[in-house]
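S.K.: Sequence:
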Amino acid sequence: MNSLFKRLPRNRLAATRRSSRRLHHTQPHPHPLLATFSRLCVEGPFRAALALLPDLASAGLRADPVSLTRLVKLCVRHGTASDGRLIHRHVADHGALSHGGGGGLFVSNSLVSMYVKFGLLDDALRLFDGMPERNVVTWTTVVAALANADGRKDEALRFLVAMRRDGVVPNAYTFSSVLGTCGTPGVLAAMHASIVKVGLDSDVFVRSSLIDAYMKLGDLDGGRGVFDEMVTGDLVVWNSIIAGFAQSGDGAGAIELFVRMKDAGFSANQGTLTSVLRACTGMVMLAVGRQVHAHVLKYEKDLILHNALLDMYCKCGSLQDADALFRRMPQRDVISWSTMISGLAQNGRSTEALRVFDLMKSAGVAPNRITLVGVLFACSHAGLVEDGWYYFKSMEKLFGIRPEREHHNCMVDLLGRAGKLNEAVEFIHEMSLDPDSVIWRTLLGACRMHKNANLAAYAAREILKLEPDDQGARVLLSNTYADLRQWTDAEKLWKAMRDRGMKKEPGRSWIEVEKQVHVFIAGDLSHPSSDSIVQELNRLIGRINALGYVPQTEFVLQDLATEQKEDLLKYHSEKLAIAFGTMHAMLGKPIRIMKNLRICGDCHAFAKLVSKSEGKVIIIRDPVRFHHFLDGACSCGDYW
DNA sequence: GTAGGGTTAG
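Residue numbering for the first sequence follows this note's numbering, starting at 1 and increasing by one per position.
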């Protein structure tokens with residue numbers, strides 16, 4: 001301890017003595033040292049209060065529990081963990097932990113909490129173990145700490161059980177912190193039942209945690225049920241339900257709830273806006289996203305929110321907006337950079353993505369494993385095999401990131417896309433990790449792309465060994481056979497799928513028109529304006545026929561007559577969406593479409609020609625990447 | 001002295 005800390009309290013001590021002399025004859029008062037200590041614990045500075053502990057000890061004085069608790073709180077704010085240990089030692093040595101009337105418990109609880117806040121969970125648990133008595137606060141502090149610690153969720157639940165066995169009834173604090181640890185519907189249901197039993201189900205904190213717990217288990221209805229019972233609510237409860245819908249991919253539901261929230265008189269905060277942006281991102285609702293941008297301006301320091309906005313622009317295919325935002329952002333973290341890199345790569349601008357990666361490095365921001373996924377993705381989608389190998393081989397040395405599963409997967413993709421199928425297989429056989437179904441599926445995708453049925457069958461067998469019910473593998477393999485006109489082999493697989501009751505996921509496309517999302521399903525003409533859509537489709541086909549369009553019926557993977565194939569092709573969901581888009585196109589604005597499956601070659605050719613004949617930019621986002629069609633060409637360079 | 005909602009890839 002240096003001299004500064006000793007001098008300060010002495011001066012204050014002198015002042016206190018003078019004032020206590022004046023007061024002496026009017027009222028009784030505690031020892032002046034204790035009075036000073038109490039005052040410093042209220043007003044600070046922390047160091048001055050801390051420095052009084054030895055003086056108290058040598059004078060044989062015992063500080064009151066309230067002041068000690070305040071000191072511990074000051075320590076969390078202004079001190080270090082070793083200051084905290086010092087306080088702990090002092091109170092333990094001088095009997096403060098055995099204060100009567102709950103005082104000792106009060107002080108101990110604050111020390112447990114202090115250790116937790118300094119991240120010293122094991123110290124907290126050691127103190128907890130040695131406590132002669134514990135109340136609901138003690139238990140809750142520890143349960144919450146375990147629930148928030150990585151990989152200790154089971155312990156949190158075990159402590160909850162021990163707590164009840166000890167006769168301590170959990171309160172709203174306990175439940176709201178422990179609900180997030182329910183890993184199965186059964187555990188959650190049991191906990192929900194005990195919450196109802198103790199009458200805590202109307203507490204807003206418990207409610208938001210309950211909603212969140214249901215949503216995290218994918219039980220949208222469960223979350224919705226808790227939400228709908230709501231009599232009193234607050235903004236966080238709204239945010240929980242909106243976040244739940246946004247995260248589980250129900251963007252339309254999230255936006256609907258957002259509108260209801262505003263109607264109910266709540267105004268959005270950063271958390272709300274982040275979730276709403278995520279919903280826009282999922283549904284490619286650029287117009288709604290732009291509206292949200294206007295509200296984001298209020299929170300210029302919120303990096304999470306800005307990153308969500310950036311991602312929204314990237315995933316809506318609006319790179320100009322993303323780029324402008326990225327340049328203007330006051331701070332950028334590794335997530336901002338990674339978002340931009342992946343965004344550029346997915347939009348077919350791999351060279352720029354790699355340039356941004358260089359800029360990131362010169363800006364001194366350390367890449368993480370996700371950044372490198374983006375970098376490798378950029379390489380694989382631009383056919384930059386050499387660069388990909390370079391980054392993969394040097395990432396550990398250069399950035400300290402050991403290649404994980406996802407990076408190996410990128411390499412299989414890189415080699416496979418480039419047609420180096422044998423190298424890809426070799427890579428899988430030689431890698432140190434056990435190949436999982438994702439890796440085999442990547443290989444299978446490449447085999448389909450390059451029409452290699454033998455290798456495709458091998459990859460599919462490996463997938464089915466790991467996941468016997470996987471239908472994606474069967475669909476991809478049968479499509480590969482169909483590409484090669486091996487109808488018997490394809491039919492065998494289709495039959496097997498029918499026998500197992502599997503259905504191919506229908507193609508679906510979305511488009512936002514006047515802030516409404518319209519969904520189109522392949523071959524489904526139930527949209528209210530289907531008649532005019534078909535008319536528009538015929539008009540478009542007429543115009544592009546003049547540019548040399550011939551339906552590429554080889555993309556219909558069934559053994560049908562040519563005419564039937566043409567019909568199936570004509571009503572692919574993205575063609576319906578494109579026709580709807582050209583009907584409602586705004587001057588100078590691109591047509592933006594999202595779809596659930598990869599785009600087929602015929603629709604790709606169709607979109608290229610329509611972009612030329614209509615003079616429109618068409619942007620289609622599939623599950624993996626974007627296609628920007630302009631004047632008869634696509635940003636993917638026909639490589640996808 | 002104890003508690004709830006948000007961002008990046010595939």
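Keep in mind that the hints were calculated from the coordinates and are not lab data.
Note that this is a predicted model, so its numbers are computed, not measured.
From the three backbone atoms N, C-alpha and C, an ideal C-beta is built for every residue, glycine too.
Please note that the accuracy of each hint is not assured.
Unchecked claim - Simulated crosslink set (DSBU-like; lysine-lysine; CA at most 30 Å straight-line):
#	residue 1	residue 2
1	Lys465	Lys451
2	Lys117	Lys216
3	Lys492	Lys503
4	Lys153	Lys197
5	Lys515	Lys492
6	Lys73	Lys153
7	Lys515	Lys301
8	Lys565	Lys515
9	Lys589	Lys570
10	Lys451	Lys262
11	Lys301	Lys73
12	Lys216	Lys262
13	Lys570	Lys492
14	Lys361	Lys397
15	Lys451	Lys515
16	Lys589	Lys515
17	Lys420	Lys504
18	Lys495	Lys465
19	Lys492	Lys451
20	Lys495	Lys565
21	Lys465	Lys420
22	Lys301	Lys361
23	Lys451	Lys361
24	Lys504	Lys589
25	Lys393	Lys451
26	Lys612	Lys515
27	Lys503	Lys216
28	Lys397	Lys492
29	Lys515	Lys465
30	Lys420	Lys492
What the hints assert, rightly or not - With beta-carbon atoms standing in for the labels, derived distance ranges:
#	residue 1	residue 2	range
31	Asp358	Asp567	43 to 51 Å
32	Asp358	Gly225	34 to 42 Å
33	Asn596	Gly501	15 to 23 Å
34	Asp567	Asp234	48 to 56 Å
35	Arg355	Glu229	30 to 38 Å
S.K.: So, for every hint listed, does it hold in this structure?
M.R.: The hints, checked one at a time:
no., hint, verdict
1, Lys465 with Lys451, "holds, 22 Å"
2, Lys117 with Lys216, "holds, 26 Å"
3, Lys492 with Lys503, "holds, 15 Å"
4, Lys153 with Lys197, "holds, 23 Å"
5, Lys515 with Lys492, "violated, 45 Å"
6, Lys73 with Lys153, "holds, 27 Å"
7, Lys515 with Lys301, "holds, 28 Å"
8, Lys565 with Lys515, "violated, 34 Å"
9, Lys589 with Lys570, "holds, 25 Å"
10, Lys451 with Lys262, "violated, 52 Å"
11, Lys301 with Lys73, "holds, 28 Å"
12, Lys216 with Lys262, "holds, 24 Å"
13, Lys570 with Lys492, "holds, 26 Å"
14, Lys361 with Lys397, "holds, 14 Å"
15, Lys451 with Lys515, "violated, 41 Å"
16, Lys589 with Lys515, "holds, 14 Å"
17, Lys420 with Lys504, "holds, 29 Å"
18, Lys495 with Lys465, "holds, 20 Å"
19, Lys492 with Lys451, "holds, 18 Å"
20, Lys495 with Lys565, "holds, 20 Å"
21, Lys465 with Lys420, "holds, 24 Å"
22, Lys301 with Lys361, "holds, 23 Å"
23, Lys451 with Lys361, "violated, 39 Å"
24, Lys504 with Lys589, "violated, 34 Å"
25, Lys393 with Lys451, "holds, 29 Å"
26, Lys612 with Lys515, "holds, 26 Å"
27, Lys503 with Lys216, "holds, 27 Å"
28, Lys397 with Lys492, "violated, 49 Å"
29, Lys515 with Lys465, "violated, 45 Å"
30, Lys420 with Lys492, "holds, 28 Å"
31, Asp358 with Asp567: 43 to 51 Å, "holds, 50 Å"
32, Asp358 with Gly225: 34 to 42 Å, "violated, 51 Å"
33, Asn596 with Gly501: 15 to 23 Å, "holds, 21 Å"
34, Asp567 with Asp234: 48 to 56 Å, "holds, 54 Å"
35, Arg355 with Glu229: 30 to 38 Å, "violated, 53 Å"
Against the hints set out earlier in the document, violations occur for numbers 5, 8, 10, 15, 23, 24, 28, 29, 32 and 35.
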